[in-house]
Amino acid sequence: MSPPLVDAHAHFFHAACGRADWQQLNAARFRAGDRMGITVHIASMLGTFGFTSPTYFPSPSDVTLGNDEMLALQSREPDRVRCYVTVNPNDTIHALEEIDRCVARGAIGLKLAASRRADDPLLDPVVEAAAMHKLPILHHIWQHRRRDWPAQEASDAVELGRLAVRHPGVSFILAHIGGGGDWAHTFPAVDELPNVFLELSGSGVDRGMLDDAYHAVGATRLIWGSDITMETGLAKLRALPIVGLTEEEISAVTWRNAERIFPSNSLFLSPAPFADAVSGSRS
Amino acid sequence: MTAYHESSAPRSALTDVNTFIGPYPFRHVPHPDPDILAKVLARDGVERAWVGHLPSAFYRDPSPGNVELFAATKAHAATLSPVPTVRPDWPKWETALADAVALGVPAVRAYPPQWGMGPHDSAMQSLAISCGEAGVTLLLTVRFEDLRQRHHLDSAGDLTGAAIRAIARASKQAHILVTSAGRATIEEVHWGLTPDERSRLWWDISWIWGPPDDDLAHLIRTIGANRLVYGSGWPLRLSQTPRANLDLLPEDVADSVLANAEAIAPRR
Chain P
9 MSPPLVDAHA HFFHAACGRA DWQQLNAARF RAGDRMGITV HIASMLGTFG FTSPTYFPSP
69 SDVTLGNDEM LALQSREPDR VRCYVTVNPN DTIHALEEID RCVARGAIGL KLAASRRADD
129 PLLDPVVEAA AMHKLPILHH IWQHRRRDWP AQEASDAVEL GRLAVRHPGV SFILAHIGGG
189 GDWAHTFPAV DELPNVFLEL SGSGVDRGML DDAYHAVGAT RLIWGSDITM ETGLAKLRAL
249 PIVGLTEEEI SAVTWRNAER IFPSNSLFLS PAPFADAVSG SRS
Chain V
38 MTAYHESSAP RSALTDVNTF IGPYPFRHVP HPDPDILAKV LARDGVERAW VGHLPSAFYR
98 DPSPGNVELF AATKAHAATL SPVPTVRPDW PKWETALADA VALGVPAVRA YPPQWGMGPH
158 DSAMQSLAIS CGEAGVTLLL TVRFEDLRQR HHLDSAGDLT GAAIRAIARA SKQAHILVTS
218 AGRATIEEVH WGLTPDERSR LWWDISWIWG PPDDDLAHLI RTIGANRLVY GSGWPLRLSQ
278 TPRANLDLLP EDVADSVLAN AEAIAPRR
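Residue numbers (our numbering), protein chains in the order written: chain P, 9 to 291; chain V, 38 to 305.
A portion of the hints provided could be inaccurate.
Footprint (simulated), chain P over chain V, 3 or more residues, beta carbon under 8 Å [stated by the list, open to error]:
#, segment
1, 57–67
2, 159–169
3, 176–187
4, 249–262
5, 268–274
Source of the hints: derived by calculation from the structure; they are not laboratory data.
All C-beta atoms, glycine included, are put in the ideal place defined by N, C-alpha and C.
I would like the entire structure built from these sequences, with the hints used as guidance.
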């Protein structure tokens, strides 16, 4: 039997995303995931992905719609899908209500994208809510953001680091070190922050990136994910032993670290009780 | 076993057409050396590589880089085929091309954005014509790095579809290989050429996305696997990526066989 493989950064789509091929995209993720051996896709739906409000500035109704669709998918696929609750911190009350509502229905993590800079005090109540529910936070990061980019208020590692220092009891997953920008700037910005985990996804497959990430924070603070380019995720998996990680360290990156920071029994330690709990909460 | 734990066997004798040796000016790249490249090819089950000299893309005069490239790859002649750079607005470039051809190279490289050449530069069109007449493939590079991470001095920009179309239309003989292009560029060029023009144009798969968008599968279904070639972008990018992409193809195109690099080189 193959060891588990947790994809800590996945996305699925729904009918209101404005893409006629949304079902095909979801099927392709499952197809590739099966081929790669992904045990659990921990995923989010970012509102309507820009169709009726911007992907990174989703309206409250789109946030709710995306979360509902994500929870429904988790209910249909309890053995292989887990749900991040996505919020827009600019609508603070809605964000807090959404966290409570979605956690009650089985969300196991919080997704923060690029609606507000990570070090903005507006994020504090949202992070406190995540802490109360023991949720890790997957935060969209632009590696070394040197200017504003269109249609998002992206944060970089320095800004996420400031938030992580204010909330040392919360685990922050720094998203997609290969997802754009200069990753070399990211690692020294967070290497001394034990509650920041580097997530490996992104289309970037620069040689040296995995090596430097590993040397900066060690295998206990790396988490594997694929985001929207699964082939680059597979390439990185295959590169881990070449970078020098031991089998034990690879298992930390591919599932043990995720198991450690997500709520107890939410991944695969007790899949049957989790599935029962999800179906029970919806009845 | 899953693909994660077991890479597929190569579908045919593979040549990686998109590799370099030498350092990159804008960031540290680990050991970009011919000895390491030869080991990487053996590890990955890739038979040969077409090898460029990375610093030459940023030299004003690439000639010294070509000398270094031939010297550095000499000990690995069985696996590494040097692909020198020819700059067609530099004095005596015709001699540089003739010298390269005499040494039996499969292709020559050119970098119009790095040389400040626009999409309809006549020098590039002259180079395409000369490559066609000499029976050597002209290899172009769309990008070295993701646009979002470039050094502020790296202002050349990507090679555009318009530039590729102009070069492809310049000669009725030239075989052109474009590396590190994504689906959008490939489609605007392929469908913007006549069937005859596009029959002499190939693309490496190093920058074509896989699932869930499945751009590689889409291009295999539309423009055909025979227009696509295996390439990685090493040492800038992980050599494992193109194989991973092929391993994740959907069932209907899973057995597709890409064009063989040697087969696309024009006969001399």
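Hint-by-hint comparison with the structure:
For the segment 57–67 of chain V, the proposed coverage by chain P is satisfied: 4 residues have a C-beta within less than 8 Å of a C-beta in that chain, meeting the threshold of three. Against chain P, the segment 159–169 of chain V contributes 0 residues with a C-beta closer than 8 Å to a partner C-beta. That does not satisfy the three-residue criterion, and the hint is violated. Using a Cβ-Cβ cut-off of 8 Å, 4 residues of the segment 176–187 of chain V lie near chain P, which meets the minimum of three, so the contact claim holds. Here the segment 249–262 of chain V counts 4 residues with a CB under 8 Å from a CB of chain P, which clears the bar of 3, and the coverage holds.
Coverage of a stretch by a chain is defined here by at least three residues with a beta carbon nearer than 8 Å to that chain's beta carbons; for the segment 268–274 of chain V and chain P the count is 4, and the condition holds.
Consistency with the previously given hints fails for number 2 only.
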